[in-house]
Amino acid sequence: MDDCLAKKMEITVSEAEKRTGRNAMNMQETYTAYLIETRAVEAQSEGQCAPVDSLWRRYSEFELLRNYLSVTYPHIVVPPLPEKRADFVWHKLSADNMDPDFVERRRIGLENFLLRVASHPVLCQDKIFYSFLTQEGGWKEMVNETGFQLKADSRLKALNATFRVKNPDKRFTELKHYSDELQSVISHLLRVRARVADRLYGVYKVHGNYGRVFSEWSAIEKEMGDGLQSAGHHMDVYAASIDDILEEEEHYADQLKEYLFYAEALRAVCRKHELMQYDLEMAAQDLTSKKQQCEELATGTVRTFSLKGMTSKLFGQETPEQREAKIKILEEQIQEGEEQLKTKNLEGRDFVKSAWADIERFKEQKNHDLKEALISYAVMQISMCKKGIQVWTNAKECFSKM
Amino acid sequence: QDLSLPNGTPVDTSSPASSSSLLNRLQLDDDLDGETRDLFVTVDDPKKHVCTMETYITYRVTTKTTRAEFDLPEYSVRRRYQDFDWLRNKLEESQPTHLIPPLPEKFVVKGVVDRFSEEFVETRRKALDKFLKRITDHPVLSFNEHFSVFLTAKDLNAYKKQGMALLSKMGESVKYVTGGYKLRSRPLEFAAIGEYLDTFSLKLGTIDRIAQRIIKEQLEYLVELREYGPVYSTWGGLEVELSEPLEGVSACVGNCCTALEELSEDMTEDFLPVLREYILYSESMKNVLKKRDQVQAEYEAKLEAVALKKEDRPKVPTDIEKCQDRVECFNADLKADMERWQNNKRQDFRQLLMGMADKNIQYYEKCLTAWESIIPLLQDKPETK
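Those protein sequences? They're chains Z and B, same order as listed. Residues in the first sequence are numbered from 1 upward in steps of one, following this note's numbering. Residues in the second sequence are numbered from 403 upward in steps of one, following this note's numbering.
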């Protein structure tokens, strides 16, 4: 961890800018570009600061980077990107991608993504990642040249397809189940939280009406007037306070969202194991059947039913030369198959080992981060309660002077 | 000590109650500007009565007094809403120049509100208690014969049937039967009162609607919170290290739900009914103002009639004098009552609004305690195995 990039380099996504350009179909489009700034963290002597490098990237480039990382390091729980479209919004929040609040939260999310990658012991060493941060031109071409798209297992995308795996590592099966449940529960939590925010907003805002009516009432009163008027002002303050409170809560929601998306990354690793195991089992099965075929041809006994066997019975046996040729091919294939199986086995075991190491790392990170998130949420609630007590105490004092 | 009514009539205080026992019962009250209290009335102990024809609630009305008009120093009777309603009508009839306090609403929409629920009965009890206390505090109304009977009679129904046959010691007020006289213009000070009451009841109506809206929004917020808390618990079930913190958050949200429920209940039971009472109060006061107008109109009409007839001065009929008296009496009583009312209103609203602020403070304090208490739980380091 001491070698990770995050320690050597300061990375920020400092600005966001609206741009217009032409897309692949030569149609005009509006998009947001983000400024990535990097600075080497050297032992700074006499307050000297290293120069800042910067370049602009748009969301789609971040997506390309992440896809590349996911394919290249399938055993790693790759940090997720902030959401593509605003989801789990409550009524006051905009679902518009161009909305400045959304853009701002996305900027923070993108910075967080880069920092996560930069502090990962394996991912931070990747050259494509480094170039993403430092090389403005030609980066896309560089990524495509790696040919990572060819390595991509399309089956990973088919989330619902089931593969009958006979001997998966039980830990991965359990973990996949966990990641599904986690996704489900966090989604539910985010949905309800949005509704809670909506309702709370309503409660606070209606209190603003007291401000106006107290003011009107105070106009016809003599002794009570001042008290009512000033209390009304506090009601206005109360009503206005909810905006900041809920804006802060969005950061908590974003922290939860990160782990909602992390659950997907976790699932992908488990899925990859499943697929590797499936391929392994298929290869082993194929090898076994080839060996059997070989044996049958060699000994002349037919133990298993095969169409070839039937047809040769019906239409006559092959010549011994034909049979020899077949056996030779099969033997070659068997040898190849055994090599491949050995390799697959090794790969499978390596995968399990390194994936599980990263999963353990991830678990610790998750427990730490979510605890921090819950603490900050509790702190927000405490702050909200204290503000409420303050406002109502002030109002009470005004009423007491009536 | 000579106690006397604002209009000068002396009150007989040579009662068996000694001054020492009177002192024992003294409850100094700022409301009365140093006057000593000699009459205390309380409404409590609601009980349900199930009869063949109907089911109803009675309340215990307890009186403690040193006044001469009462034979005993203490009374305890049971009364139902009908009886209070009867009392109010009698007071309106017999003291038309005074402002009679309002009763809580008579009719309740069946099916919407449970007339026998604890909350409803308690809210009503408080309102009835307030009603009697307001009468008790009134220097004229508290000496009304019907009021005394209400407080003391074992069989109120028998008295009710006797009708208006009783003569009161104070001298019964003249029944103000005025017919169809139209007042040209209300004197400025009463016009001002009328305008004030119009705006006042309008603003109270607005506040009532706002308060109701807030309660509605709070209840909708509560519905969502009730779903929110348990999700943390479900999540906790999935986790190992995070299990306790998540459970803690779930419990916390649950505590906030309870606190919010209590706040909404308090507002419904304590805040709204008092607002509505004052709206009813304003309405009945406006009616008294109208009656006053009637009395003045009658007087002015009769004056005009005499002026037109051009009769000799010595033959000015006492009828007009009586009218003039009535007008002056009415105006004096009404002015005094208005001042008293304004003062009480200020204190009532001060208390009501401070109460509302208090309830909100308590709600936030409960939530604060809940959240503060889980911080150490959240920060807890897991035991190294």
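For the record, the hints were derived by calculation from the structure and aren't laboratory data. Just to be clear, a hint being listed does not mean it is correct.
Unchecked claim - Across the chosen pairs, the derived CB separations fall in these ranges: (1) 240(Z) / 446(B): 54 to 62 Å; (2) 101(Z) / 618(B): 22 to 30 Å; (3) 610(B) / 222(Z): 19 to 27 Å; (4) 58(Z) / 618(B): 42 to 50 Å.
A virtual CB, placed ideally from N, CA and C, is assigned to each residue, including glycine.
Here is how each hint holds up against the structure:
no.	hint	verdict
1	240(Z) / 446(B): 54 to 62 Å	violated (44 Å)
2	101(Z) / 618(B): 22 to 30 Å	holds (29 Å)
3	610(B) / 222(Z): 19 to 27 Å	holds (23 Å)
4	58(Z) / 618(B): 42 to 50 Å	holds (45 Å)
Comparing the model with each earlier hint shows a violation of hint 1 alone; every other hint is respected.
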